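Asker: Sequence:
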Amino acid sequence: MPSSQANANLMRRTLLAHIDTLNTTITDLRQLLSRAQIGRNAARLGLEAVRRLLRNKKDQVQQLHTERDALQDLRPRCSICHELYRANTDDTKARIYPCGHSACSWCINQMINTRNAEAATNPRTNRNIIKCPHCREETKMIQPEAEKMIRNVALEQQ
Numbered sequence: 001m002p003s004s005q006a007n008a009n010l011m012r013r014t015l016l017a018h019i020d021t022l023n024t025t026i027t028d029l030r031q032l033l034s035r036a037q038i039g040r041n042a043a044r045l046g047l048e049a050v051r052r053l054l055r056n057k058k059d060q061v062q063q064l065h066t067e068r069d070a071l072q073d074l075r076p077r078c079s080i081c082h083e084l085y086r087a088n089t090d091d092t093k094a095r096i097y098p099c100g101h102s103a104c105s106w107c108i109n110q111m112i113n114t115r116n117a118e119a120a121t122n123p124r125t126n127r128n129i130i131k132c133p134h135c136r137e138e139t140k141m142i143q144p145e146a147e148k149m150i151r152n153v154a155l156e157q158q
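If you count by the UniProt record's numbering, then the sequence shown holds residues 1 to 158, one letter each, in order.
Please keep in mind that the hints were generated in silico from the structure rather than gathered at the bench. Wrong hints could be hidden among the right ones.
As the list claims (entries may be wrong) - Distance windows between CB atoms, simulated:
{"hint": "1", "residue 1": "T66", "residue 2": "D90", "range": "45 to 51 Å"}
{"hint": "2", "residue 1": "A43", "residue 2": "E83", "range": "32 to 38 Å"}
{"hint": "3", "residue 1": "D91", "residue 2": "H65", "range": "24 to 30 Å"}
{"hint": "4", "residue 1": "D91", "residue 2": "E48", "range": "17 to 23 Å"}
{"hint": "5", "residue 1": "L54", "residue 2": "T27", "range": "37 to 43 Å"}
{"hint": "6", "residue 1": "T139", "residue 2": "R86", "range": "20 to 26 Å"}
{"hint": "7", "residue 1": "P76", "residue 2": "E147", "range": "26 to 32 Å"}
{"hint": "8", "residue 1": "P133", "residue 2": "R68", "range": "45 to 51 Å"}
{"hint": "9", "residue 1": "A119", "residue 2": "V153", "range": "42 to 48 Å"}
{"hint": "10", "residue 1": "T114", "residue 2": "N56", "range": "48 to 54 Å"}
As the structure is a computational prediction, the values presented were derived from the model and not from experiment. For each residue, glycine too, the CB sits at the ideal point set by N, CA and C.
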């Protein structure tokens, strides 16, 4: 029987050694899992931080676009066609009426052409009068043309 007791003791020690090995393996796996979760959490937090930063940057870009659009709206425009006044283009040069109002050359020429077409069909219409589109003040001109009117250079330079 001593040999069977020795066998049982050997088996018990072997079993305890296996249990210790399994416990060590389980502990190691728990540590690895914990590190992986920490890494995942860090990655998730990092991703969330990047997303937050991206949202903030998008908001800033949108705000800059809004400010840019607001600044563009402050530049003088023809009140008829709403084009910006520009000194480098004949059609968009600002012209000033004697009453002080302004419009672009193109719009003034269109109004003159319309008035000339009216005068061709209605003899009471005077071709030599142009009306301010804002206050309707009449101005007499010999052969009305926008190019003969004074330029409003101050509006073109803003």
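Asker: Now look at each hint and say whether the structure bears it out.
Answerer: We went through each hint and held it up to the structure:
no. : hint                    : in the structure
1   : T66 / D90: 45 to 51 Å   : violated (33 Å)
2   : A43 / E83: 32 to 38 Å   : violated (53 Å)
3   : D91 / H65: 24 to 30 Å   : holds (28 Å)
4   : D91 / E48: 17 to 23 Å   : violated (54 Å)
5   : L54 / T27: 37 to 43 Å   : holds (40 Å)
6   : T139 / R86: 20 to 26 Å  : holds (24 Å)
7   : P76 / E147: 26 to 32 Å  : violated (20 Å)
8   : P133 / R68: 45 to 51 Å  : violated (29 Å)
9   : A119 / V153: 42 to 48 Å : violated (31 Å)
10  : T114 / N56: 48 to 54 Å  : holds (53 Å)
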